[in-house]
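> Protein sequence lines, in the order shown, are assigned to chains D and X. Residue numbering for the first sequence follows UniProt numbering, beginning at 1 and increasing consecutively. Residue numbering for the second sequence follows UniProt numbering, beginning at 1 and increasing consecutively.
Calculated from the structure, these hints are not laboratory results. All C-beta atoms in this analysis are idealised placements derived from N, C-alpha and C, irrespective of residue type, glycine included. Any given hint could turn out to be false.
Derived CB-CB ranges, DEER-like [said to hold, decoys possible]: (1) X:ASN163 x D:ASP424: 39 to 49 Å; (2) D:ARG395 x X:LEU236: 42 to 52 Å; (3) D:GLU83 x X:PRO129: 15 to 25 Å; (4) D:ARG13 x X:SER318: 47 to 57 Å.
As a list, the in silico DMTMM-like pairs of lysine to aspartate or glutamate whose alpha-carbon atoms are at most 20 Å apart [stated by the list, open to error]: (5) D:LYS388 x D:GLU306; (6) D:LYS70 x X:ASP35; (7) D:LYS145 x X:ASP130.
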Amino acid sequence: MEENSAMCEKILRSLENILSTDEEIQEFTVIPTAENKHNKSPVLYEQNCLGLESWCRKYLLQYTHDVLLKNRKALLRNQLSLENMKNLNHILIGALLIQPNVTTFWNMKRELVKSEILDVEQELYFSKLALSQHSKCSEIFSYRKWLINLLLFKETYLRILENELSVCEMAAEKSKNNYHSWNHRIWCLEKFSKQQSDIESIVLSELNFSIKWIPKHISENSGYYYRQILLMNLNNLKSISINIFENSNFDNIIEYFKLLIFNEEHYSTLHYLLGKSNNYSIIESYPKYFNMLSILLNDLIYISAELNYLYRDHECLWNYRKFLMVYLMKMIHEYYGIEFTYNLQVKNPYVGDFMSVNILNLDIDTSNVGAVISKQIASCELYNILIKHEIEFIRNNKNMTNSLQNNLAVMYFKWLKCTNFYNDEFYEQLLENIEWGFRKGFDRSHDEFRIIYSESEKIKRTVISN
Amino acid sequence: MGSILKDVELKENIPTTILFAKHIEFLIDYGQQKDTYETVMTDYLKMSGMYWCLTALELIKASPFPKNDVVEFIKSCQDPECGGISASTNHDPHLLYTLSAVQILCLYDSLDAIDVEAVTKYVASLQQPDGSFAGDKWGEIDTRFSFCAIATLSLIKKLDVINVDKAVEFVKSCMNFDGGFGSRPQSESHAGLIYCCIAFLSITGRLDIVNRDNLAWWLCERQLPSGGLNGRPEKLPDVCYSWWVLSSLAILGRLHWIDKNALKKYILACQDLESGGFADRPGDMPDPYHTLFGLAALSLLGQESIEKVNAAFCMPQSVIDRLQIQPQMLK
């Protein structure tokens, strides 16, 4: 036992020493090894990477656990000398690098920070290293939030924000769908929006980040969800100074939907799409409204549709599409000053306790004749374009030979039919007059799609950097 | 092009009945381990570990742990100053473990063993002006903690010491367009957190704020061809989501919306034939956490050989009845 303690102390001091002298370490890893055969130090340190051989983990765990819990109450009650307090840190470092989900140990660090024995910056650095090995650990993010709150009393915000965003990206790259990392990103966005006057530029540069992230992480719902949050935050701004319209994004939309307008100014485009608004606040801020509309429609075309073509079988893409449709419907209603809450209306008299079937696999009674769509909405151009386009989109995907994609399209159609912005009866009449095939894109080759997509990305980048 | 659906395939030789004797053995073994690498590793959540084991045993009508030892341990974990309860001796008190401790004491009908008044004060002290709850004095906010606070206070009959309306308002602010909930306002919908929020609203009798069918639809989408449920789109199925999703559907009165037989088959397939216990997916390592949620889900699915479970508290219904608590359940 004594022997083990001495060995553990040696390892822990060595870790502490490296961390305090090298501020550029990017990564900490536990390296799987069998027993210690060569009697060498298990601490590996090379080119800004810190490693620990796994054989020593059980010794460190027991040792750090014993020492820390023995001192826990004394630290809490301020009964430790300064020297003894300082002597806890190397133990905490070891304990938390091995097992970062022990809240009590982070709390001890918090107390040492409060006593000014540990430095906030140094702790941000340490917790980042812990994250590099345990990227899904919520306790680490919680600790960072606490540290940032301390910093925000006195610091320049942008530098902290940039650092946090890069930490989040690192953690999100390491673990797919990393809930805590994306939550932390959203928390930062909210936190810094409150502190910073220039929220708009943060949101726009994050939108730019997300348009690049999504195609590379096509099956991660968190990435799409983050974009939803960004769009909602954008809409909450008083105004949007960029003018997407002039940057020709809307030309793509015009071409895509074959709109019968050419280079009109946006006020009259809105008129064409939506008619006359009776919502004063929208008339007043129509450039913002128009910009929001452009972004949502662009996402519908370029994220939801193009990516869906390039990468089939992804529920996340269909999921994001639902968000876009609901949000577009909300905006259309808002234009007319009509209250709108998205609701599903699921009626199925055939499902009962005696059956064992997922209702999504049933032929649900989706004859949604109950949905009341106001005349104004039902007759506006944009609403009709969108619903027709959805039906066309679903048809194209249903005709795929691939059964999963086909199934996703069927599910989406069921969903659409259950929404309170779709009425079957109304559509049957309308569909008779549809000219099928305006969505010519589906005949295009793969490569062409890639070009279109990267072009759209380029456009977005210029828009955002402006 | 092969299908890339994220799911598992159930093999031929999977268990199709509940291995009661094996599970009892597994849970008791787990509870009796001392001073191993694993017990040190899990010390930081020991109280919850005990809740999982003891509730699971209770659900399968076996409770061989001496009541006195358990109660004494819980008493030693209550902080004499703030009243909160920690996961284990010398650890810091936290709402998560305060709830687990109170749940165990209710199971044993021994609430008076701890200072209930101090627990009440502790929970109340963690409510924030916006109605949310911090998990402990360091201030992390999460809807999980809202659930822990409400469930704890409801079990000790002290719901009136906090501002319930404000607490509900906060949970409502965490609702997303799809009807789901996340851990904070603007957080992604997640089946585990949906359970926390729905159970919270069930206990506070405020299910009126839920968009029932939007949410139930989203929950049904969690069922995969293997029958198992995942917690978010395009994630793998996991036995613990059988509980989070299923209990939410049960509270919403929409249990019949999913394929119960397929789910049952999946859960049974996650049993470990050799050691007993349930794992997240077939063939993985079993643990008490998945064992409790597997058994509790089977109970909700109508398995008569398992005690009836309460969907809001994840405790035996008989205990909730004894305490005369009636969480709201939609028909």
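> Decide, hint by hint, whether the structure agrees.
Checked hints:
no.: 1; hint: X:ASN163 x D:ASP424: 39 to 49 Å; result: 45 Å, holds
no.: 2; hint: D:ARG395 x X:LEU236: 42 to 52 Å; result: 31 Å, violated
no.: 3; hint: D:GLU83 x X:PRO129: 15 to 25 Å; result: 40 Å, violated
no.: 4; hint: D:ARG13 x X:SER318: 47 to 57 Å; result: 55 Å, holds
no.: 5; hint: D:LYS388 x D:GLU306; result: 18 Å, holds
no.: 6; hint: D:LYS70 x X:ASP35; result: 16 Å, holds
no.: 7; hint: D:LYS145 x X:ASP130; result: 18 Å, holds
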